[in-house]
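One letter stands for each residue in the lines below.
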Amino acid sequence: MDNLLWLVPTLPVIGFLINGSLSLAGARSQNGPARGLSGFLAVLFPLVSFLLVLKLHIGLQDAQESVRTINENLGLDLAIPQSFVQPLWSWIAAGDINLSFGFAFDGLTSVMLLFITGIGTLIHLYSIGYMAHDRGFARFMAYLNLFLANMIVLVLGDGPIVTFLGWEGVGLCSYLLIGFWHHENANGDAARKAFLVNRVGDLGFLLGLFVLWQIVGPSTPLTYEAIAAWFRDPAHASLLASGGVVALLTLSTLLLFLGCTGKSAQIPLLTWLPDAMAGPTPVSALIHAATMVTSGVFLLARMSDVFAHAPITMHVIAWIGAATAVWAAVTGFVQTDIKKVLAYSTVSQLGFMFLAAGVGAFDSALFHVFTHAFFKAVLFLGAGSVIHALGGEQDMRKMGGLVKKLPITFAAMFAGWYAITGLPFGAGFWSKDMLLEKVLAQGGPVLYGVALATAAVTAVYMTRLMILTFWSPSRMDHDVAHHVHEAPISMQVPLWILGLGSLVAGFAWAGMIPGFDWFPSQLAGVVGPAQALLSHGEHEGPSAILLASVGVGAAIVGISLAFVLFKSGAFRENSTAGLSGAARTWTLLFDGIHAVVGIWPIRLASWILDNICQPLLMGLVRLFAYLVQLLGLLAQWLQRSRLRLNLSMSALGLLVILLILARDLL
Amino acid sequence: MDTVPLFQLQILSAILFAAGLATVLVRRNLFFVLMGVELMLNAANLSFLSWSRVQAGAATLEGQVAPLFSIAIAAAEACVGLAMLLAVFRTRETLDTDAYSKMKE
Amino acid sequence: MNLQLILAAPFAAAILSFFLSGNDAKSALRTSLVLALVIAGISLPLVGAGMVATAGHTWFTVPVVGTEVKWLLTSDGVSAWLVALLSVLVPAVLLAAPRVVGERMREFASLVFLMQGFMVGAMLSGDLLLFYAFFEAMLIPAAVLIALFGGNNRRRAAIVFLVFSLVGSAPMFFAIWWIALSCQTTELSVVAVRIGSQLDPMFRTGLFFAIALAFLVKLPVVPLHLWQADAYSEGPAPASALLTGVMAKIGLFGFLRILIPLFPAESARFAGVFVAIGLVTVLVGALLALQQSDLRRVLAFSSLSHLGLGLAALFTFRPEAISGVLLLMVAHGLSAAALFLLAGIVETWTKSSHVDDFGALASRSPMFAVLFSIAALASVGLPGTAGFVAEFLLLVSIFKVYGVWVTAIAGLTVILSAAYTLRMVQRLLYGTPALPAVERQDLRVSEVFAIAPILVALVFFGFYPSPILKSARADLLTRLPVAQASATEDAAHVAGR
Amino acid sequence: MIAQVYFWIFAAIAVACAFSVLASRHPINGAMALIGTMVSLAGVYSLIASPFLATLQILVYAGAIMMLVVFVIMVLNSAKDHYTPMLDGLGAFGFVIAALIGVLVARVFVGLDGKASVKINPSAPRGDVEAISKTLFGSGMHTGGWALLFLAIGLVLLTAIVGAVLLAKRHLDTAETSTEGGH
Amino acid sequence: MLPAVNLLPFIGPVLFLILGALATLVAEPFLGKHDKHKFLPWIGTIAAAMSGVALFFTAPGHLHGVFALDPVRAGLLLVLLVVLVLGLAALQRNLSSDGFEGGEPYVLLQLATIGAALMVMATQSISLFVGMELMSLAIYPLVGMRRKSSESAEAVLKYFAMGAVFSAVFLYGASLCYGATGTVGFGGTIAEGRAGVFNLGFVLMSVGLLFKIGMAPFHFWSPDAYTGATSGTTAFMAGAVKVGAMAALGNLWMNFLVTRAGFPLNSPLSLKVTIPPMLFYQMSPEAFSSIKSMAVLLFGILGLLSIAIGSLSVLGQVSVRRLLAFSGVANAGFMCLGFLLPSLARGYIDLSVTWYYLAGYALATTGALAALSALTGAGDSGDHLPALSGAARRSPLIGAVLTVFLASLAGLPPMAGFVAKFQLFHGLLLNVFSGLVQGVNPVSLLAIPGLALVLALVSAAAYFKVIVAIWSQPGQASREPDSVPVLLGWAVTLTAVALVALAIFPKHLFGA
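Residue numbers (this note's numbering), protein chains in the order written: chain A, 955 to 1620; chain B, 192 to 296; chain C, 8 to 504; chain D, 3 to 185; chain E, 3 to 514.
Please note that the accuracy of each hint is not assured.
Below, simulated SDA-like cross-link-like pairs (lysine to any residue); rule was C-alpha separation at most 20 Å, straight line [as the list claims (entries may be wrong)]:
1. E:Lys40 x E:Ala51
2. E:Lys509 x C:His64
3. C:Lys477 x C:Pro52
4. E:Lys509 x C:Ala62
5. E:Lys294 x A:Ile1614
6. E:Lys35 x E:Ser98
7. C:Lys477 x C:Ala464
8. E:Lys40 x E:Pro487
9. D:Lys121 x E:Gly195
10. E:Lys150 x B:Ala247
11. E:Lys294 x A:Arg1617
12. C:Lys477 x A:Ala1047
13. E:Lys150 x B:Thr282
14. B:Lys293 x A:Ala1435
15. B:Lys293 x A:Ser1595
16. B:Lys293 x D:Leu92
17. E:Lys509 x C:Gln191
18. A:Lys1352 x A:Ala1435
19. E:Lys150 x B:Ala290
20. D:Lys136 x B:Ala247
21. B:Lys293 x E:Glu153
22. D:Lys121 x E:Ile192
23. B:Lys293 x A:Arg1596
24. A:Lys1352 x A:His1437
25. B:Lys293 x A:Gln1590
It should be emphasised that the hints constitute simulated quantities derived from the structure, not laboratory data.
Put together the whole structure using the sequences plus the hints.
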């Protein structure tokens, strides 16, 4: 059973290789390789690995179950297997470093993998329809497969370094996919921006890892299991308390968190995600909403034991999460590009997750990841289908009145909207309320207030999106208008499934209803100890029901506000204003900061080096050469051409010799 | 009978040598250069012969024979030198050595 | 494992390929390729052989002085891998060359073989003077390659290259006299033993820097790098591939094989200086690469930056650093060579090497695009390529000795290298063609066969670097008298925090 | 004693002629003066018991070589610039140098005649034909070599002739070899 | 000390050369003007080959104290023969491209070689003088061969005039040495009170030879003579004259040392001798001081002077012949520095370093000029960098060997020049420690190798300029590919190989 782990990432890789070679082979042909074949393969392999993950998940359950029963029946106390581990080969072994390349499959992994491969498969399916007419169809599929493989490696890796492999791998794929339409230089810029910003985070990741390694000492193998064990080991409690180590630990966790901000587009490294919308919409759905961007949260959960020992870092995380949530929500409020709105909403939702993780509620953070994957995916795919219908139009000011034209799309997006605004019993309702509750409990009222406000704002701009797209009178120019058509079946199926998912996914952990706790039970083994460490015992807070209704209230307020603002004809001056003035500066705030802090200094430095230092050095060398040549001229001046002069000089030489030797000539 | 001291002979040869060298250095006419060289060779011969007088036995005769060779070689040298002189004169129609200073570095 | 044969083979090949092959490029390519593969066949087994040495013959004995100079070849893990790298690169270079060198394939092949021979000699020689001889002998074929096939300013480039290298290694020449004089021999192993007792510290410090200078110029490091960019960009791309792929590595190799073993104490004492130099080189190289507009100058400065990191890490004397440096040599050798080869090919399409004169190659020549981007990513050190493992080890070792902030500086290369490489990639592959007149063409099959294996190797070693790391582990730790010291200091370091 | 007198006479003539070579305006005068020097030197030779060399001096030097020189001078008599300026700055410079060298050389001998070792050796064999020919062509440890050198002289003369041919052949395009310049 | 041997096997090598010269001379008139250049060189080549073979049947020894042979001399003779063949080949190229009529040059070339050989073998001043004159008198006409060109005329005029003067100086010095020692042989015992005479004689003789070698300040002839002569002649004289004169000078110097040391010498020295050290400890202080001052002045200071002048003058040159002339000056300096090596304190008189350097240099410079002659075309009109640029592209083989030769001159491995320079400097450095002779300030001696190295680097730049030039794109003055004569092609190629072999097996040339 557990020796099948390697197969999970390998399958998409095979898909990538086949599709890649297909696209290369077809590169010269008229309209690329056969869509059917490559499409089929592209979906097949993720599907298989999804099934495989399912099988593994069940297998793990069974294993644990059997051990439990044994324990109960025989009254033994056998350790319950938390994971399947498959070390493959010794990867980096030098000096006292000995890293093995291996995979580990436990509760967290299984949850993540399930929706990654599952939603991944659906989006592959969707792409078949969406990209049908694109020249680089096979290439696109290849990239998607490669991304999936890397994402799986990221989650499945048994240690940070293997995770880092996937971590950078997904970065690469997002680079490739953002720049997929490479004839547009702007896309290239966006892709590069994404990669570079991520690289900044990755450097943080590596350094944090080094520091962490220094703490746990080279003898500890660098696997999550071992690290967690080291931190849980009471023997190290005293060491962990000592000042030096705490400082190191804070440093290390902050650096690791920098990596997370890069990947998950948090302050300060969040600017790349909106630009990343340059990629095809399925990409935005899969990579920049459902899976990749959440890997930051995943990492926090993975290393929860480490972070749990660094309270300062936890506060930083919480506040940064909150700040990001607010900032992004406000930004989303002023966007006009439908995908941009969703992008910023993603950022803001990620902020929620970090906020949760920051207050120590890793499981509810992950639960929000889980639900968010569904509703954000469906929102993006819906948006994609709208864009597809409107022949590439992304500006909401040129939409409207699509309810009748695109009923299915509308239905799906409505489900997504319902979920994200947190209306009762939608996916978002469960996860967000759980989250808010934990925040209040462990983060205090201030954070809770911020989060609540953000939730309201979220409701506002999401509703605005729906209004502008569907519920308002049409503003499309008519030749676009009468081309509008519902998406092909291959695009509808994912919409249905995900739409449904975004309505029911929440029941994986319906806190108020006993029995619906499949989700936390999966995570208990991983994040349990850390949360136990962080939760300040049993606290007397307001009841769950109350909080839930407060949350719903906030949502409703937001929605109605949106209707007041936009439905009642008031939207023109508001929403058609586009990005201008304060809105623009607000949106591009962090770009500016990056420019001032990072880009301009580097540009300046390299300009100075290239145009001042280099010539200066070269000039010195030249100068030296000239001096030598000057000596050469001097020497040649000695060479005369008249016989008598030459002879006289030679004779003079002889004379001088005789003079010098005069003493010896007696 | 012969009691010419070596010292005088050597001084004489030294003077001739210097005179020859002076001729080469001072005069610009190619002929004089050749003649100066001849003078120097003569000086050398004289020196050989005079030194041979202070040696004993076979050593003496070595000094007697050496000038023989130098004279023969002087002849050969003169022959080549004059031929050279002719050749050079043909190309530039002058014997003034200072005229032969076209070759710059 | 006959080292003499391995050394002799390239020279034989140089002569054979000159006289056997006709004047036409085709036959020349065929002949030289066969020869190159034969050489590879001979030299590759060296990798498995571990420590090998020939019997030392007396090369010559300096009259009057009586110093004995040995003709002695030794091979250890490092040199074995470098020889292997070289013997793999040469066929690739030959395969990728025809477009660039045109009809003069015969001369090109011979010169390449000559360079190969000298490099092999430098890697294998177990005698100080012998090493120096080969080290210097590389210059002439390299310069001739530049002069014969290079671009517009190739004369200046060649002269500057020659003069820099010669002047740079002159102090080493002086140092070798001195060592030979005081040790009565130049055999490395013997010198290593005697030098401590025979020379007083002040002299040893002098000699240490005299020798170091030669390697620093070869590497090169800032500010001794002035020859590099010109040489790489003016010379023919395939030759540049060899220069940066292997010759530059000999600089690092020299530190590893000559300097540190001969002067352990000085190396330890001045380690900081070299780390500093290395880090400065890393940054300056990367920043300069950002500013370049000539394709091959970008590549040149990126090499500068990468090798600077290697230097910095080497002087931490961590065992993992040694492995990392060896892996870096191989990885960077492969990726940089691939990039230069591709650059050379693409330049023949547009008759220009200015990055703005390309564009849209992703759609116009997909095969090129694929190989180029893989090579580029490998040189950026993306995980899954050998470059990542190398950089990882180097950064770790720097971290272990100098702590997190220094490492952060060194780590900037991770970001900057991505910056300039992707900039280059985008200018080449993305957007619209700058010169639409140029008709679209793609790599020939032969060229794909030249470059694809290199990239495969890069990925392979990215996932399974153990063979290289091991062979570095095997024999080099004995050469690091100061490694333990820094290890303990490192332990103290942790306790101190 | 009488020899001393003769020596002074010869020496005076030799030196006088030598300097008139240096000073004479036309090459022909110089040549004549040079002959004078040589003849007087021949006298000196005979004074110091080297009759054979004296003869040779007259025959070869004064006879052959100088005749040749004079002949060539005549050939080139048409040359416009036989009269070159006597003494210019450079010439003076050269003269001074030559004089100083002469002085330095002569200085070596100043101390000599005091020393016993450089007294003229009365018992030394005369350089007459017999002795010289014995030395030249006799065999034996110290003498055998001279014969070889004598052969070598043959080569030298041959070289001279060929060289003269190469240099002085009137027309490069005629293959016939005139030995003008040989003797 | 060398044993006396009998005539024939000893004289064999020279004999073959004489026969070759005579055969050429005899054959010359009977050949048509085109056949001359086709066949005559081969006669000389065959003769050279035969004498080379004969060389292996000679035993070390001396002939009546006039000539001597030993391993070193034999090695130098071998080099001379190679130089001869190169010269013949190059000359063939010149003469046929000039359309020169008449084969005398080949004869003279061989006669000059004989002269140089005699210089190498000479053990007494008269035989040396005869050899020297034989060589010079053969070379003067060769220099003046191009009668139409005024450069040639000027060159021969200067060369002849100076040469004549300095051979007279040499002869005068010889007479003084004879006076001092009572024998024309180099070695001997100085009659008491004549040490000054002996020193003067030695100085004058050395100056005569230094002139031939082309040491500053007696080097003024060499640039003009090299440039005026055909490149073939230049090639020959660059090698042969240096070998002959250098061997003679070294021989003279060793004999001077031994004689001043009062070492009883009843038969000629071989060119490589070891003297019981104590001898030098018993030396009289004034003898010691004069040895010291001679060495430092004649070889140390003059050596550095000519290295400086040569290396610096090389820089600006456009004509490769002129460039190599100055490089000759510089290298003469290096070789003379080699004469400082016999560390008397250790009782060595071992000039092997110089001999090795000499062999390497002669092969390199002659080869370079011979290869050049293949590229310069009629009248050596193409002998300047603009015309030569890209020349190697026209004939890669020639370019390759030319590169090898120049690299060797620049002292780069794997050519003999590298090994030679290493040995030379290394030995010099040793003398810094052991003290050339007692009482010389080591620091001032440390200046000698240091300065020499710096200057060597400087001159290297000039050679590089030529190398790069010939390989890079044809300049405006480029011509069509020249067909390289068989003899020349093989000669230069084999010489290049020999040069490399000399570096890889340095021990074997002088039979050590």
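Are the Cα atoms of Lys477 (chain C) and Pro52 (chain C) separated by 20 Å or less?
16 Å, holds
Could you grab the alpha-carbon distance between Lys150 (chain E) and Ala290 (chain B) and see if it respects the 20 Å cut-off?
17 Å, holds
Just to be careful, I want the Cα atoms of Lys121 (chain D) and Gly195 (chain E) compared with a cutoff of 20 Å; is the pair within it?
OK: Lys121 (chain D) and Gly195 (chain E) at ~12 Å, within 20 Å.
Holds or violated: Lys293 (chain B) and Glu153 (chain E), Cα atoms, limit 20 Å.
With Cα atoms ~7 Å apart, Lys293 (chain B) and Glu153 (chain E) stay inside 20 Å; holds.
Lys477 (chain C) and Ala1047 (chain A): Cα distance at most 20 Å?
8 Å, holds
Are the Cα positions of Lys293 (chain B) and Gln1590 (chain A) separated by 20 Å at most?
Given pair Lys293 (chain B), Gln1590 (chain A) holds - Cα atoms ~15 Å apart, limit 20 Å.
Run the distance test for Lys40 (chain E) versus Pro487 (chain E): straight-line Cα separation, threshold 20 Å.
10 Å, holds
Is the Cα-Cα distance between Lys477 (chain C) and Ala464 (chain C) 20 Å or less?
17 Å, holds
With a cut-off of 20 Å on the C-alpha distance, tell me whether Lys150 (chain E) and Ala247 (chain B) pass.
The hint is violated at about 54 Å.
Can you confirm whether the C-alpha distance between Lys35 (chain E) and Ser98 (chain E) stays at or below 20 Å?
Measuring from Cα to Cα gives roughly 10 Å; hence the hint holds.
Restraint check for Lys136 (chain D) with Ala247 (chain B), where alpha carbons must lie at most 20 Å apart:
16 Å, holds
Hinted pair Lys150 (chain E) and Thr282 (chain B), Cα distance within 20 Å:
Holds. Lys150 (chain E) to Thr282 (chain B) sits at ~7 Å (cutoff 20 Å).
The structure shown violates the earlier hints numbered 10, 14.
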